[in-house]
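K.L.:
One line per chain: the protein sequences are B and C, in this order. This note's numbering puts the first residue of the first sequence at 8, with every later residue one more than the last. This note's numbering puts the first residue of the second sequence at 8, with every later residue one more than the last.
In case anyone wonders, no lab produced these hints; they're calculated from the structure. The structure presented is a predicted model; accordingly, all values stated were derived computationally and were not measured. If a hint is listed, it holds; no wrong ones were tucked in.
Only pairs whose alpha carbons sit at most 25 Å apart, straight line, appear in this in silico DSS-like list of lysine-lysine:
| hint | chain 1 | residue 1 | chain 2 | residue 2 |
| --- | --- | --- | --- | --- |
| 1 | B | Lys47 | C | Lys101 |
| 2 | C | Lys137 | B | Lys47 |
| 3 | C | Lys47 | B | Lys101 |
Some residues of chain C that are not near chain B, with every Cβ distance over 10 Å (derived):
| hint | residue |
| --- | --- |
| 4 | Arg66 |
| 5 | Glu103 |
| 6 | Leu111 |
Idealized CB from N, CA, C, for every residue including glycine.
Protein chains: 2
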Amino acid sequence: MLTILVVHVENHPGVLNRVASLFRRRGFNIESLAVGRTEKPGFSRMTIVVDTDEGGATRLEANLYKLVEVLQVDNLTSAAALCRDLAIIKVNLKPESRRELLELARDLGARVLRETSEYLMLEATETEDKIDSLVERLSGYGILEMARTGRVAMRY
Amino acid sequence: MLTILVVHVENHPGVLNRVASLFRRRGFNIESLAVGRTEKPGFSRMTIVVDTDEGGATRLEANLYKLVEVLQVDNLTSAAALCRDLAIIKVNLKPESRRELLELARDLGARVLRETSEYLMLEATETEDKIDSLVERLSGYGILEMARTGRVAMRY
Chain B
8 MLTILVVHVE
18 NHPGVLNRVA
28 SLFRRRGFNI
38 ESLAVGRTEK
48 PGFSRMTIVV
58 DTDEGGATRL
68 EANLYKLVEV
78 LQVDNLTSAA
88 ALCRDLAIIK
98 VNLKPESRRE
108 LLELARDLGA
118 RVLRETSEYL
128 MLEATETEDK
138 IDSLVERLSG
148 YGILEMARTG
158 RVAMRY
Chain C
8 MLTILVVHVE
18 NHPGVLNRVA
28 SLFRRRGFNI
38 ESLAVGRTEK
48 PGFSRMTIVV
58 DTDEGGATRL
68 EANLYKLVEV
78 LQVDNLTSAA
88 ALCRDLAIIK
98 VNLKPESRRE
108 LLELARDLGA
118 RVLRETSEYL
128 MLEATETEDK
138 IDSLVERLSG
148 YGILEMARTG
158 RVAMRY
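Isolated chain B (complex conformation):
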């Protein structure tokens, strides 16, 4: 089961290392991680997606709170929350498929960041599964490169 934890931490050097090493020691594999600044200077917010059950999530929360830099852990797995993921995708462009590709991108909510004679660079911010289906649809044209952030989640 995919568990989504939002962890608020003080932005000290080494805090990422301590969080990652906690997951590692306890045998949890991090599926995705997004770390960024928050509304408060000096604090970071991590959205961590990890494959574990309810018991595992409870243990993780308790262990995270043992780290002095951790201020708050919020489990959003079953909460009413919004999840978004950013993907930048470079797709192979051929003159004969240009129009079709642009229409497909538009229909699936992707924005064109750059177009050259060789590729289209697209951007999409969506839920994970919508991005997955965009990627699947684009793969027929040839995906040259893709970069995705981990998910960010926020309670409604």
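Fit chain C to the known structure of chain B by using the hints.
P.N.:
Showing chain C alone in chain B's frame:
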């Protein structure tokens, strides 16, 4: 100086821990980190922003290559590359400022994800400094919560 490294890794358990601990041991503080899947199953792509000079970046690259899971390190600091950052921002909403706030969001390229009687939830994908100025403009209305991914970067 902010250095942007794109690191391609095999998606093994513990790889994040090893990368984070390398930065920690060498005394580099990670400014932002985005880890996500790539076009190849089983591989992850990390965009790491770190405050260091050219010499530091060269040492970091050499040390990253010592990790068996690291396949490629690409320094995009002075490269022609696109950088994007995703922010989800919950802004306090008052009836009298609703129209102004919606106009401001539209002018600054933010998209409305949800509107309630209490708040507006906005999403923006932009370069870091554009998001910074959006945040600054919104802060007058009261930012209730903000989540940002680290930067993702890709060569043109």
